[in-house]
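Novice: From just these sequences and the hints, can you work out the full model?
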Amino acid sequence: MLVYVAQQLLNFLVFGPWKDPQGFNFPQTPPFDASTLLPSLASGTRLHGGVALAVVAVGACWIFLFRSWRGFQLQVGGLAPAAARYAGFSSRSALWMALLLSGGLAGLAGAMEAVGPLQRLTPYVSTGYGFTAIIVAFVGRLHPVGIVLSGILLSMVLIGGELAQSRLGLPNALTGVFQGLLLFLLLACDTLVHHRLRGSRA
Amino acid sequence: MNEWALLLAATIASGTPVALAGLGLLLNEKAGVLNLGAEGLMLMAAVTGFAVALSTGSDGLAFAAGALAGAVAAAAFGALVIWLNTNQYATGLALSLFGGGFSAFVGVGYVGKKLEDRVLYEVPGLADLPFVGPALFRQHPMAT
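Note that the protein sequences, when read in sequence, are chains A and B.
To convert, take the position in the first sequence, counting from 1, and add 13; that gives the working numbering.
To convert, take the position in the second sequence, counting from 1, and add 6; that gives the working numbering.
The reader is advised that the hints may include incorrect statements.
Selected chain A positions facing chain B (Cβ under 7 Å, derived; list incomplete) [as the list claims (entries may be wrong)]:
#1 P52
#2 V190
#3 F197
Source of the hints: derived by calculation from the structure; they are not laboratory data.
The structure presented is a predicted model; accordingly, all values stated were derived computationally and were not measured.
All residues carry an ideal CB built from backbone N, CA and C; glycine is no exception.
Specialist: Right under this line is the structure:
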């Protein structure tokens, strides 16, 4: 629900005090200084240094989850709360850890979007990326390395939706249909992964 | 009619769908299910109801079709959450995304179409009360 609060705050800043005086009244801030922008990795494209940062973050996340004591406590707390309590792990501190880390990573993503491809603040910094990210997490089977692959998959659906709109004239809404169906089917498929179907002999 | 009465009337008119959806979510919560897909359900029901109202001209049929569309989509949600034991949050989110995309996709053909104005329903006698009369007793039948 804080999504709406944050979006309205962004709107207020971009339409109000931070609006570009030379921006022909468009709701956007002046472009950031060149020194604050992320370096471009390939000239002529929107590929920027944030990609390298994301790969580093994936590695750090993997090490944290699977090779650190705090990460182990967090995982046990999520899988078996009773076992975590018996072992003396504080579920509150694990939760705080998870929430603060995820908030920091989400903030990093937003900041990189602003100083990478957009190079200024507009009201459209995030076009539902946060909700897409939840799908990315589930499609990536809640594993840091899976996240990379599912992130690429979901971004191909997003970009493909835009291409289908401009080249084939298909409505962009198809992207949402595909994302929703993907998550539906993935969740339903879990049943077949965890259980075996057997005919009843009754 | 002064602007406060107009404000009251507009509040009631726009509060009606929220109250109805809230009522449905209340039932969900009481049963222990968190349905994040309400947005998707409402969108799918809205586009179905509009399509039926436009083609048949009957409000009653449109309401029934909208409710049926919402129930069918909720049945899909229920099948996943109740039978297959999927994660409620993720399933609801999927329903939200799917409903938004589906309604926009189906609704492409209806962009710019308009239904004729509906007759406002008046409670006899009470509608002529000063201030509260027009706001509370002269509304679309759905709101009263």
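Novice: Given F197(A) was flagged as interface, is its beta-carbon under 7 Å from a beta-carbon of chain B?
Specialist: holds, 5 Å
Novice: Please check whether V190(A) passes as an interface residue: C-beta within 7 Å of a C-beta belonging to chain B.
Specialist: Where the cut-off is 7 Å and the nearest Cβ of chain B is about 4 Å from V190(A), the hint holds.
Novice: Would the hint on P52(A) be counted as holding, given a Cβ-Cβ threshold of 7 Å to chain B?
Specialist: Since the shortest Cβ distance to chain B is 34 Å, the answer is violated.
Checked against the numbered hints above, the structure breaks only hint 1 and satisfies the rest.
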